[in-house]
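K.L.:
For the record, the sequence lines run as chains E and Y. Just so you know, we're using my numbering here: the first sequence kicks off at 1 and counts up by one. Just so you know, we're using my numbering here: the second sequence kicks off at 53 and counts up by one.
For the record, the hints were derived by calculation from the structure and aren't laboratory data. Just so it is clear, CB atoms sit at the ideal spot from N, CA and C, and this is done for glycine as well. Worth double-checking, as some hints may not be accurate.
As the list claims (entries may be wrong) - One side of the interface only, derived from the structure: several residues of chain Y facing chain E at Cβ under 7 Å: (1) 106; (2) 180; (3) 231; (4) 238; (5) 715.
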Amino acid sequence: MAVIFIVLPVALVVVLAAVIAWVWAARSGQFDDTDTPAIRPLIEDDEARPKH
Amino acid sequence: MSAADLAAAAPAAPPCAHCGLPVPAGLAGGEPAFCCGGCRAAWDVLHDAGLARYYELPERAGMRVAPSGRAFEEFDHDAFRRLWVRTRADGLSEVDLYLEGVHCASCVWLVERTPLAVPGVASTELDLARGIARLAWDPARTTLSAAARFLDTLGYRPHPFRGGRAAQLRRLEDRAALVRIGIAGAIAINVMLAAVALYSGWLSGMDPAFARYFRWVSLVVTAPTLVWPARPFFRGALSSLRTRTLHMDVPIAIALLAGFTRGAVNTFTDHGPIYLDGVAALVFLLLAGRFLQSRAQRAAIDSTELMHALSPRTARLVEPEGVREVPAEALAPGMIVEVRDGEMLPGDGVVTEGGSRLDNGLLTGESAPVPIGPGDVVFAGTVNRGAAIRVRIGQSGEATRVGQILREVEAAAARRAPVVRSADALAGGFVAVVLALAALTWWRGSATDASRALDNAIALLVVTCPCALALATPLAVTVAIGRAARAGILVKGGDALEALGRPGTLVLDKTGTLTEGRTRLVAWRGAEATRRAVLALERHSSHPLARGFREAWPDLPVPDAADVVSTTGGGLEGRVEGRHVIVGSRAFVGARATDPVGFAAAAADPGWTPVLVAVDGEVAARAEFGDAVRRDAAATLAALRARGWRLRLLSGDDPVVAGAVGARLGFAPGECRGGASPEDKLAEIESLAGRGCVVMVGDGVNDAAAMARATVGVGVHGGAEACLATADVFLARAGLQPLLELTIGAARTLRVIRRGIAFSIVYNVVGAGLAMAGLVHPLVAAIMMPASSLTVVLTAWRGRTFEEVPRWR
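Only chain Y is shown next, with the shape it has when bound in the complex (with noise of 0.2 Å):
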C-alpha cells in the first residue's frame, strides 16, 4: 500500500480494528473495518479466544501493531528443533523465545494468553525485563510455527534466544548465590543480637552464666556459616596459594580462621573476646557485594545476547517446489539457497544465478562492495547489496570461513593475559604486612606474657580484616557498570572498567568502525535542479549508488523521466523535463558529453567513487560515493589523544584507502596499516601486549580474533555476531563519542576504587597500631568494622563514574 493510497483512506474510514493504521478505500465500509486480510485473522483468533478485553486495554491506546507477516516455517524444522528445543519429562516441547516489543503488563496478559488463541499451547510464560518468553507445547497438536504467527500477529516477533544455554547455568549460579546470601545474612543478624546483648552486658555488669550462655550460642550459630557460605573465599584462597598468585580471597580466609578459631577457644575457655559477630558479618557483606557486582555485570551480558537473537539465522532453500526458509544450520554442501537484497549469506558456496554486489565490510574490512556474477566464489558473513542472487552451498556452519575465524577467536582468548585488579595487586602485600605484624606482636610480648600477646596478634589479624578493602571494588563496579548501562555501554566484566582506567594504547579498526561501514553520498558539487533529475534517473535503477542517491535526498520532489536507458557497468540516460540527461561513471559520462567546468579532471579522494551528472551534453555536477567517516570521530580521536592514549589504525581495506582516512583523522603515516587479515591484525595486538593495556576496538568478524586476544575489546554499535560475543564492552549506541565516555568513565570508576582502597587501608593501620598496643576492645573492633565498611559503600554509591544519556535510544 502506497503513502498516495494511505493518504485518501486516512479522513474517511476509521482505523483498522486490529492494528490501527487506515483502511485502504477498496477494503473501508466493513465493520469493523480492516487493512488487510491477516489483521482480520488475528481479530478473529482474539475474539475467538475470548480475548477481545485486548482492545480495550489502556496501554494499547495510541500504539500500532506491527505484524511481519512471515510464516515462521523454520522453527518446525528438524535443525532447529535440534538446536533450541528441549522435550520435557512430560512429553512437551519447550523453547525459548526473545519476543521484540514487549513492554508492559498488557503486553503479559496478552503474550501469556497464547494457548487460548492456539490449541496445542501449553503455557507461556514471560520474562517481561528480558523479554524473554518460555513456550510449551505438544508437538502432536501443532507446530511452533502457529505459535509463533500468533505473536508475530500481535506485534511480538519472536526469534529463538540463542544464549538460553549459558543463561540456565547462570540462573542455577545465581540461586546458589542466594542461598548462601541468605544464610550468611540469617546468622550474622542473630550473632549481632548475642553480640548486643554481650556489649551491653559488659557495660552495665551481666550475670557471667548469660554472658557464657550468650557466646557459646553465638559459637554454634557461626560455625555454620564458615562450613557452608563461606567456602567460596576458602576455595579461592587455596586456588591461590597453589597458583602462587595472591589475590583478596587469602587475606579473606586468614582473617575469617583466625578469627573464628580465637572465638571458638575463648568460648571453650570462658575468657576473652570472642570476635564471632565480625566473623559472620564479614562474610554475609562479601557475599552480597559480590553477588550484587555479578548480578550487574549479568545484566550487560543478556543485553548483549537479546541483540544476538535479532540477527536472523535463516536460509532461504531453493527446492523444486519453491523457495521455503530454513535455520541456517539445516544447510548442507551442494544445496542452493537464495539470497535477497540487504541479506547474509548463510554459508560459502559459488553463485549460480543472479549478478550483485556483495558488502564484504564485516569479513574483510573493504568498505566499497565487490560486484559479483555466476561462477564467483562467495563467503558466509557477507551481505547483498542489490539484486537476489543463487548461490550453491559449498561449506556450511563451523566449516565456513567464518566458522574458522571464529576459531582462532577462542584460541587467542585463551592466551590473554588477565587484568591485575587493584585490590588483588594490593592482596599480596597486604598479606605479608599483616602476618610480618601479628609475629612482631605476639614476639615481642610473649616474653611478658605469652597469653596475652597471643591474644593481641590475633585481635590485629581480626581488626586488620579486608572487610572494606575487598568490598571496594566490587561496589564501584556495580554502580559504575549500571550507570554505563543507562548511557548505552554495556560493559560485561570488572577488569575491563578497571584496566581502562590507565591510558594505554587503542587499536581501532576502520570500516564501522571510524567510518560508518556503508556507502553512501559523501560530497555533491553542482545546482539543485541537477538533484531533481538525478533522482528522477535513479528511480529506475537498483544499483547501490542509486540507492546511495536517494537516501540522500529524501524529500526533494521527484520529476518523471522517459526515455531511460540503462548501461551495466556504466550509467543511465534518459530525459527528464525536456533536458537529456546522463548520470554515470567517468569514462561513461566522459564519452558521451563535453566538460568546460573540469568537473572530471577533479582530483580524487582515494576510496571515493566518483559519479559525473551530464545535461544536455556538458557535465553540470559531480557526485562522490564512499564510507564516510563518522561525524564524531575526529573530536572523539583527539580528546582521546588528550586524555594520553596512543592511537593506532588497523583496516582490512585497501592501504590507499586506510591511509587516506587515518591522515583525515590526524593518525601518523607510521601509525596506520592497511590490507591487514584477521590474522595480521592478531599479530599486530600480539606486538603490542607486552606494553601495557591494549584496548581493540572493532565491529566485524576479522576483528574478533584481535578483540579476543586484546586487553580489553570494544565492540562498536552495528557489529558482527561474532564480535558482539568476544567483545568485554559493546557500545549500544551509534557513533564514537561512547568510546570517550567510556574511558572517562572508567578513569573515573578506577579513582573510587582507589578513593575506597585508601580508606580501608587507613582504618586498618589505626587497628593495627591499636592492636599492637594491646587496645583494641572487641567493642572497637566491633565498631570500626562495619564504619569503615560503610565509608566504602558510601564512597563508591556517590563517586562520580558514567554521565547517564537521558533517553539514548
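Next up, chain E with everything else stripped away, as it sits in the complex (with noise of 0.2 Å):
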C-alpha cells in the first residue's frame, strides 16, 4: 500500500491541471455563450469561398 505515498500527489497534480485548464478556460471566455457554440458547424460550407 507504500505506493499511495506516490500515487495520491501524481493524483493532485492531474487535479492541479484539470483546474488550471478550468482557470484558462474560464478567464478567456469559453464559457459567456453556452448556447451558440454547438450549433455552428450543424450547417456545413459546401459552397460558401471567400473570394478574393
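Mind docking these for me? Both chains are given alone in their own frames, and the hints should help you get the complex.
P.N.:
In C-alpha cells:
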C-alpha cells in the first residue's frame, strides 16, 4: 500500500492540471456563450468560399 | 402594395424568390421572380457571396422575411461611433448589435457569414440565446450601415445594444465566479475522497501512518480554498462587522475559520477530528448557490436590456439637402428635426411647422393627446399622434426635461432603504446564540477536561455551520426567478421577491398602468348602419379619433363617401350612400342637426370625449373616446385587496379623470390622487416609506423617481425606457394580471425560503445539542451537513412558486 504515498501526489498534480485548464477556459471566455457554439457546425459550408 | 394586388397576384405567379411574399402582377414572369428591388438585391448578394444554400435551409421553409428597408445612415454618424463603437488593437472597429428575429441554427450560419457578402466586414459572431452579434469591420473598406442593411434584408433588423458596457462587466464577474467555483469544487471533491479513506479507516482499522498522511493531504489541499475561493465570504463578513449590520457572511466566516483552524491544529497534534472535508464542501456549495442566483437575476436583467435596445433613439434631421436620420445623441440646440406620426420627440424644443396632437402620457400621465401648433413648446419623450411636425431643438440629451427627471431618479434610488432578507435578519441572532452556546460548552467542560471542552465547543461551531441556512434563500430565489421569467415576469433581484411576499402598500399609476394609455373608442350608442357611414367619412381624415374609429371596427365594409368637407376643430361632413352624414364634436354637430333622442344632452364621463353622428339632419349616434381601463384591472385589484394589500392611485392626469377611474375600480376618494407631478409622486412614496413595504407600479418617465425610491418598483408592459431601467420587476406580459401573479408567486417563494430556513434550524438545534453533549463524531457531522443541504435544495426545487404561463408571447 505504500504506493499510495506516490500515487496520491501524482493524482493531485493531474487535478492541478485540470484546475489550471478550467481557470484558463473560464478566463478566456469559453463559458460566456454556452448555446451558440454547439450549433455552429450544424450547417456545412459546401458552397461558401470567400472570394479573394 | 395593397391587399387587392396581393390577392390578384397570389394564385398565378410563384412567390418572391427571396422573401416568399406574392409577386405583384407587373413584376411576375421573371425567373426567378421578385416582389421588389430590395429582394432582388438581397438575392443577388447572397448568390454572389456563395450563400445560395440559405434558400434550401430546412428552417426557412414557410418563413417570411420582413426587411424594414431602412438605410441605417445613423449607424455611420460620429455620435453613434462615439457611443457604441470600439476600436480594437488591430485597427478594426467593433460593435455589439442586437438582432431581431434570430432563433435557430440557420440564423447563426447566415449572420456569421456577413463577411462574405459585405467586403470589409472582418467577422460577425452571434450569441444566439441573447440575439447579440459582435461585428468587426475595417472602417477604411466599408461602413457599418452597409452591414446593417445586409442584415436587415435578411430579416434581422439590427439595433445598437445599449447594455454593452454593463454586460461586459457582468461577464467578467461571471468568469471570476466560475474560476472560484471550479477551484473550490476540485478541492472539495479531492478532500472528500481523502475523508472517505479516513472514515473507512476509522471503521475497519488503518495504519496510523496512512491516517496521518491523509490528514496532511487534506490540510494541504484545503488551505488554498480558504485563501482564494472563500475570500468573498471573509470580505463580506468584515464589511458587515464594520457597518454593524450582521448578515449571513458572518456565521459562514466563523464556521470556516473555526473548522479550518481546529482542523489544522488537530493535524499538527495528530489527534482529534479534522473537519476539513466539511469546510471545503461548504465553500463550494455556497459559491455554487450564489452563482446560480446571480445567473437567474442576470437573465432577467438581460431581457429588459434587450427591450431597451428596441426603442429607437434616432432623429430625422432637416438639412438643406434633405432629411436624414442621425442618432438622437447627435442633436444640438438650433437644429431642426422632423417628427412623424407615432414617433417620439428626440429633444425639447419649439414647433416651427405643422400642427398635430402630442401624447404626453409617458411624461406627465395625461391621458388625452394635446393639440399643438407652431410656436408651442414641446418636450422629449412625448409621442406625435397625427401629422408630421418640425421642431427647432432647444435642449437635447441630459439637458432635456426627461434628463432632469432621470437625475432625480438616481438621487431617489440612493435614498432607498434596503430590503432586509429573512436569512440576514436571522443571521444576527444566529451568530449570538451559536457563540453563546460555544462559550457555555467550553466553560462548563473546562473545569474537568479543558482540551475536550475546547474540542466540543469547536465541534459546535462547525456543526452549526449555516450551510443550509445560507443556501435556502439563493436556491428558492433562483428557482422562482426562472419560473417567473417563463410567465413573462422579469425579476431583477431576489430582494424584490422577499419584499413582495408580505402585503404592504401598492401605489398604482393610472395612465398606461391601470388604463391602456391610448385613446380609443370606449362606448357607442347607435345603429349598425351608422357605423359604416362614420367609417366612410373618417377614411378621409388623419385625426387621432378617425384612427380610433378605424381600429375599433377593422372588419366592417366601408362604402364610398362623396363631397367630404373637413372643419378643423369641428368635424367632418359628406354624402354616404345618398345620405348626408355629419361626424364631430357636440358643438359642431349641434349647430347643424336636431337632436330628437337627446344624444347630445346625455352626461359625459369625465375624461371621455363625446363624438356625435348626425344622419340627414338628426343626431343618430354617439361615440365616446377615452383611455379605457384595462380589462383585467377591476378583477386584479379586487384580488389584491383580498390578499391584504392597501391600494392607492397616484396619477399625473387631471384629478377629475383620476377620481372617475379610481371610483370605477373601487378606490375610496382618499385613496386617489390626481395632478401629481413626478416630484409629488416621489414625495408621496417618501411619506409612505415609514410604514412597511411600498410598491410603486408605473409605466412612465414621471413614475421613475417614485419607483426608484419605493421598496420595490414594478414596471408594466409598454412602459418608457426610464421605467424599464429603474424597475426591480418588469411585467413583460400585457395587462395587470401578472401583477397579481407576482404577489402570489412572491408570497409562495417567501414560504419556500422560510421552510428551508426552518429545516436548517431544526438541523442546527439537533447538531448543537449533540455537540454540547460531546457526541458529535466527525462522521456524524459529515453526514448531517450534506443531508441538511440536500433537504434545502429539494425544498427549493419542489416548492410551488410561480405558475408557468404557456406561450404568453
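K.L.:
If a hint holds in the structure, say so; if it does not, say that too.
P.N.:
How the hints compare with the structure:
no., hint, result
1, 106, "violated (10 Å)"
2, 180, "holds (4 Å)"
3, 231, "holds (5 Å)"
4, 238, "holds (5 Å)"
5, 715, "violated (51 Å)"
Checked against the numbered hints listed earlier, the structure breaks hints 1, 5; every other hint is satisfied.
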